[in-house]
Each structure stands twice: as structure tokens, then as C-alpha cells.
Amino acid sequence: MNPRDVTQVLLSTGSGRVGAVFLTTLVLVSLFVLIRFPLDFGPTRWNNPASWADNPKAAAPAWTRLWQGNQAIGHRVYQSQEPSASTPLADLEQRTYTFSYDYGGGRAPTLMALSVVDVRFASRPTVLTLQVRRPDGRTLTLYQTVVRGPREGETPPYLRFQDAPLRVNLSSDGDAAARVREFYAQQMGVALTVEALQGRITHAVFGTPIEGAPGQFQPLPGAYQFTLTAVTGASSDVIGNVKLVMGGSVYGVMGTDTLGRDLALGLLFGFPVALTIGIATSVFATIIGASLGMLSGYMAGKTDLVIQRFTDIWSNVPLLPILIFLIFILGQKLWLVVVLMILFGWPGLTIVVRSMVLQLRSGQLVEATQALGASKVRIMFRHLLFQIAPFIFAQMIFFTPGAILAEASLSFLGLGDPSIPTWGQILENGFRTGAVYVGYWWWVLPPGLLIVVTAMTFVLLTLGLEPVVNPRLRENR
Amino acid sequence: MSLIWTLAIRGLTLLGVLFVVLIMLVVALGATGFSDRMLRAIIGEEVRGLRTSLAQTIRDPDQLEATLEARRRDLESFYGLERPWYSRLPSMVLRVVKLDLGSARTLRSFDGSSRVTDLVLERLPYTMMLITTASVITAVLGLWAGVKLATRAGTALDRLSSYLSAVSYAVPAWWAGILLILLLAFRLHLLPAGGLYSTPPPEGGLARFLDLLWHAVLPIFTLVAVSLGAWVYTVRTMVLNTAQEFFVTVARAKGLPEGRVMRRYILRVASPPIVTNLVLGLAGSLGGAILTETVFNWPGMGRLFYEAIITADENLVVALTFMFTLLYVAARFVLEVLYVALDPRIRYGSRT
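So the protein lines, in turn, are chains A and B.
Residue numbering for the first sequence follows my numbering, starting at 1 and increasing by one per position.
Residue numbering for the second sequence follows my numbering, starting at 1 and increasing by one per position.
Hints in this document: simulated from the structure, not taken from any laboratory.
Just so we're clear, the structure is a prediction, and the values are computed from it rather than from any experiment.
Glycine included, each C-beta is placed from N, C-alpha and C at the ideal position.
Treat each hint with caution, since some may be false.
Unchecked claim - Stretch by stretch, here's where chain B covers chain A in the computed footprint (C-beta under 8 Å, at least three residues): (1) 306-314; (2) 321-335; (3) 401-412; (4) 437-448; (5) 457-464.
To be verified - Each pair of labels, with its calculated beta carbon distance range: (6) B:PRO84 <-> A:VAL21: 53 to 59 Å; (7) A:SER419 <-> B:LEU280: 31 to 37 Å; (8) A:GLY331 <-> B:LEU210: 42 to 48 Å; (9) B:SER114 <-> A:GLN144: 53 to 59 Å; (10) A:PRO418 <-> B:PRO84: 30 to 36 Å; (11) A:LEU385 <-> B:THR133: 44 to 50 Å; (12) B:PRO84 <-> A:GLN387: 48 to 54 Å; (13) B:GLU203 <-> A:TRP63: 47 to 53 Å; (14) B:VAL93 <-> A:LYS57: 45 to 51 Å; (15) B:ALA31 <-> A:THR44: 30 to 36 Å; (16) B:ALA31 <-> A:TRP63: 50 to 56 Å; (17) A:GLU82 <-> B:LEU164: 55 to 61 Å; (18) B:HIS189 <-> A:LEU385: 54 to 60 Å; (19) A:TRP63 <-> B:LEU164: 27 to 33 Å.
Unchecked claim - Computed footprint of chain A on chain B, listed as stretches where at least three residues anywhere in the stretch have a Cβ under 8 Å from a Cβ of chain A: (20) 13-21; (21) 159-170; (22) 281-293; (23) 314-327.
Working from the sequences, and respecting the hints, build out all of it.
Here is the structure:
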């Protein structure tokens, strides 16, 4: 059968069609990820806590608001390169960045963080002030700083916050807490203790004190206007980017884990990784297994005996314990996992291919070609291989999910490659940190589901290929 | 005669498997320097023990140090540490087989021993309990359902079962376990989420035993659920294949009752290939047990494996890899004997 016929037969069965659709989706998503994601996504993004600092921790997906209703609060990020207003002020210049945040009551934002990147000044250090104007008309200063002045021997322009941004987590910052306490004391006449504000800064900022319940705050819904004022010495001074984050209790399409990592990104990155593991393993294991099987079946004699005995032993080595051991001893490398799965994956095919070749060898075709004087190699690769090729192809697809599942199992036992995030690793993270026991379902269900769907894709394709392998099924159709 | 011969060949092959695994273990340990580290740890432990006992009798600190140093050198030459690793292979193999691998780093057995042997042997019964129970349930259910399906071949139920078997192949046991914990233990509070006993464990032998069973329900259910689909499908296909043979038609034509035809004519003939498939699925169920125990915090060898990996305990990982291989090889041999008993062709010396 030529490839076109194989495709036709495959698409004529229901499971084959579903499998083909799934496979196409998997491949398309993988291609998208390969184009859009950096290859060192693992070390530079996924395992780098700094890149997730502004995300809420262990937040459910945003669409859970459908049933969480008012209980949930969205994640808002305000960014601005240009000030919304700039006014000259004597020989200085004042730039203001305004962000308005609508607070609907209910839960207070889980996080409040200000970041400023790339500040350059020529002579006077820039002064930054963050204020919030509450719906009750009161104004609260949350943060004020003077950018570090010139150092000894430094020449203008002075560059600040180039590589590491200025980042203040206002929801846990001691200085911000002191300012909130001062605000409450002066404008509301309420003395807050340090303990009362511990971890509740945002509650205080977005609420009013409740009489007789120290440390409790009544949410104050309405529009909050955040203003960052930058006083610069010259109009040529630069402020690159201003970012204000109001952390939500829900985030993105897939939510976040306890480190604030966007699970959607990790799951996306898992697509090409899983496909590569599965396909690389199955292709190479199939090549080795089929070659040895043909060799064993066709050569007969000593070669056959040696290969048979070796295959018998090798096929009986229990894969998972040995994989665990070797990866544990030799190091947690993904390529090593793939190589080991190839090394232990071929014997099954060798046994079957050998028995098929034994049958074909005594057939008339081989006899005729031998009579024509064809070499052994030619007979094996030109005539035998082509007869069993569809079967080998089906076996290759059947073997693919096994490799994906084995890698996932290894990852789940904590033996994943730390530099390459996979679905199994995301699940392991969730399981090890107890996500199962506190009900963070969005952390453990999607990666497992993706593993199952990917494995199912190849199983369905195998089912669809059955008529290719077994011609009797084809005729009966 | 040929019966013994067949069994001997199978036994030799399985011994070969054990041998190959052992060689892989010690070569990997030796070539990466792990075995050196393990041996030094054992020697260090022994010398420390000696120091506390000798400190009572030898007062002179210099003399004490000299004695200890001499002892250390003795031990090093006893374990062959001054020779290259490959010359120590036979003794290393022997130590792995005897589980004489020193002590675990942080993990302790229930009564506080840190010896690898104690730890592993103590966990073994729990793993055996889980695997054997799950296998027996799966085998019985699979046979029953497979036969039922074979009599209804081609119906919607039958087609559904072929899809279910595909799903069962694709669902990893550990994820199924997590799902079941989320659903049955935390949403519905029907079953305990894990562990061996409730806290506090109930008083009295019977109550304790029932509590153990109660905790075993979910892990066993998980193991059965993930392997049942494929197993039912195998039985169904084998039975269907046999049912098309002429001697079955003849049996029916003789007017034998359908139950008798199924038992004596179809199942009897289909049983060897069914056992073969049971054999093939064994490695999978063993791996499944490692992961299922981990998920359900079931204190068998699988959970111990996970804990050993998490705490980077080399001695334990070596011991457990060997134990799981041993378990696999032993179970394989039992099935081989069963196979020989079931297949008369082997007994009468014809080729299979």
C-alpha cells in the first residue's frame, strides 16, 4: 500500500478520523509554541520566580467567575510608557501616570505591586510618589522614593533600574503599612496596630474600619484612582515603563500555581515536548526493533538464535523500575529518558516482525527473487520490508503513547528534567505541594487530561489503522 | 520430559533477566562512583560505632585514632575500595542480592530501624497485598466481562468496550488515582484519601483489619480500573477467535449446552493466549503499583521508592529497583508454570 491509500483507509474509520483531527491539532499547537516560545523557556521563564512575581498565587482560571460570581476578583495590570500629563514646575517637570481601578466590593485585591523600569536622569534624581484617591474623596499616599543619586565617578546620564526594575510589593511592604496606618490615624481617627495590618494592607486601602472590630475592614466599592507622580529635573529625563498590578483571585485561561506561574504557558510548552518524546522514541525504537526482527527472521541460524535469546531477556526487563533507577543515577535529562526508552522499547516489535518474516520467507515471492539472484540485503529491504511496512507503521504509532506515558510517570515521581517543563512535571508539582488536598483542581486536572488526550490520539490512530494491517477487515468494510 | 525442559528454558531466561538487571545496576553504580560513596558511608558508620565503644577502653587519643585508622584501612581493603570498581562487581552483585546496602539516609521503618533490608522487607507485604488483590479482581472481572462481551460481539456495548479499552490504555494510573481522590474523598467524602489506617487507628484486631481494607478500597479500585479495559478487550478477542473454530461448531451441533461449550471448548482452548496477555500486562501493573502507592500514600515498596527518590537515598533506590525486578521475575515464573499447566501442547512435546 502506498501512503495515500493508508491515509484513505485511516480516514474511512471513525476512530481514525477523530485521531487525525486530534493529531493535527496537537501538531499545530506544537508548531505555534515552537515559533512563539523561546527554547530556553524552562530555565529563563518557567523556573524563574522573578518572571511570575506579579501574578496571583494559586488563582483559579478566570472563567470560573461564571459560577464564583462576585466572590472572584479579576487580575488587572496597568502599564504605561507615556505619562498621562506632564506639567512644568518651576525649573522641574512633574509627570503623572493615572490608572483607575473599579473595585466592586467583595474580596480585596490579592496583590498590589508597582514596578518602574529604566529611569534616566541628567542632574536631579527623580522623585516617585504613588497616591490613591478613594471613592470617599480621601487621598492616601502609598509610596514615595527618591531614585539613587550619582555615585562617585559616575557621569550623566545616570541610568537606574535598567536590568532589575524597581519593584515594590505594596500589599506586604512595611513602609506602605506605615503610610496606611498614618492615613487611618490622621483622616479617620482610627489607630491601627501593626498586627491588625499584617497581610491586610489591601483590605485597609480598599475599605473602611469596622467599629469595634480591630483589623476588620468594610469593603468600600467604587472607582479608585491611582496616580504615580514623577518629579524630574529636566524634560530630557526618561522614565521607561510604569506598571501597576492589582492581583486578582482568578487569572488567565488556566489559572496559576502556588508560585504564580501561568499554567496556560506551561501547558502550552508541554505540547511540543510530549510530541517530541513520543515520536522520537517510537521512530527509533521501531527502526531498531524492525531491523533486528528482519535480520533474525531472515538470516536464521546463529544470528537468529543470538538475537532471539537476547530479545527474550531484554523484553522482560521491567521498564519503570529500571528507568527510575537509571535516571536517578545518571541524571535527570530528557534526552536520556528518550534514549533509555528507545533502548528498552524495541524488543516487542522484534519478536513479532521475526515471526512475520519467517512466514514470508518461505513464500513464493522470496523464492522467485532468490532465483533471480537478488542479494539478501535487497530481498530484506526491497521485498520483505515493503510487505510488512504497514504493520510496522501501525506498531510505531501504537508505541508512541507508551513513551509519552512513561515520561509522564517518571516526571510524576519527581525525576523530570528540571530545565524542560512537561505536563507530568506540572502535575507532580501540584501533587507534591498538596494541590489535590486543598482542591486546586485547575492545577492537576488539565495536565493529566492533556496527557490522556495525547495518548488517546495515537491509540485512536492505531485503531483506525487496523484495516491497513489486517486486510480482511478492509474487504469486509 | 519436555515439560521440565520448557520450564527450565523459561526459568533460565528469567534468571537471565535478573542477571542483566543486576549487572546494569552495579555497572551504573560503579561507573558513576556511586558504589564508592555507598561503601565509604558504610565504613564511616562502622568506624563511628567502633569509636564510641573503644573510647571506653583506650584513653590515649593518639592511640585511639591510630587504631581507628587501621580499622578503616582494614575495612577499605575488605570492601575492595583500593581496587577499581569493575574488580568489585561480583561482591557488589552479592550485596545487592542480599539487600546488604547499609542504612537509609532519613527514612525509618515503623519500629525505627534505618537498615535498608528492614525497610524494604517491612514494606513488601503491603505491596504484595495491593498487587495480588488487584490482579485477582482484574482477572476475574475481565474473564467474566470478556466472555459476556464475546457473546454479544458487534453490539453497541461491544463497540463501546473497544473504546473503553483504548481509554484505559491511555489513562495513567496515578492520574486516575488523583481524580478519584478529588471526587470520592474530597467532594463526596465517601472513602479515605490515603494512608493505611485512620487516625487514630481503631482498637481491636478485627476493627483494625477492616480499617485497613477500607483504606485499600480506593488504591485497589484504581489499579483495577486502569487495567480492566484492556484486559476485558483481550479476553473478548481471544474468546471470539476461538469461537470461530470448527470444533466449537461441532460441539454446538452435538447439542451441548452453551455454558458447557463456553467452559470446556472455548475458554479451555483460549486460556493459554489469555495467560500470555496477563504475563505481558504484568510489568505494567507493577509500574502502576509504584505510582498508585505514591498517590494514595500507601506504605508499600512503591511509596518507599518515591520517598527514596525525593530524599535522594541511593541505597534504597538500588534495593527497590532490585526488589521490583525480583517481584516481576517471580510473578512471571508463576505465570509460566500456569501456562505450562494450561497448555497441553507443551506437555505432549509438540511445538507451540
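Consistency of the hints with the structure:
1. 306-314: That given contact holds, which follows from 4 residues of the stretch 306-314 of chain A lying within Cβ reach (below 8 Å) of chain B.
2. 321-335: holds (count 8)
3. 401-412: Coverage by chain B holds here, the residue count being 5 at a Cβ distance below 8 Å.
4. 437-448: Held - the stretch 437-448 of chain A has 6 residues with a Cβ nearer than 8 Å to chain B, which meets the minimum of three.
5. 457-464: Satisfied; 3 residues make the cut.
6. B:PRO84 <-> A:VAL21: 53 to 59 Å: Taking Cβ atoms as reference, B:PRO84 and A:VAL21 lie about 57 Å apart, which means the hint holds.
7. A:SER419 <-> B:LEU280: 31 to 37 Å: At roughly 35 Å between Cβ atoms, B:LEU280 and A:SER419 fall inside 31 to 37 Å, so the hint holds.
8. A:GLY331 <-> B:LEU210: 42 to 48 Å: holds (46 Å)
9. B:SER114 <-> A:GLN144: 53 to 59 Å: holds (57 Å)
10. A:PRO418 <-> B:PRO84: 30 to 36 Å: holds (32 Å)
11. A:LEU385 <-> B:THR133: 44 to 50 Å: holds (46 Å)
12. B:PRO84 <-> A:GLN387: 48 to 54 Å: holds (51 Å)
13. B:GLU203 <-> A:TRP63: 47 to 53 Å: holds (49 Å)
14. B:VAL93 <-> A:LYS57: 45 to 51 Å: Holds, at about 49 Å.
15. B:ALA31 <-> A:THR44: 30 to 36 Å: Roughly 33 Å apart at Cβ, these two residues keep to the hinted range, so it holds.
16. B:ALA31 <-> A:TRP63: 50 to 56 Å: Check passed, 52 Å falls within 50 to 56 Å.
17. A:GLU82 <-> B:LEU164: 55 to 61 Å: holds (60 Å)
18. B:HIS189 <-> A:LEU385: 54 to 60 Å: holds (58 Å)
19. A:TRP63 <-> B:LEU164: 27 to 33 Å: At 30 Å between Cβs, range holds.
20. 13-21: holds (count 6)
21. 159-170: The restraint on the stretch 159-170 of chain B holds, since 6 of its residues have a Cβ under 8 Å from chain A and three suffice.
22. 281-293: holds (count 5)
23. 314-327: Satisfied; 7 residues make the cut.
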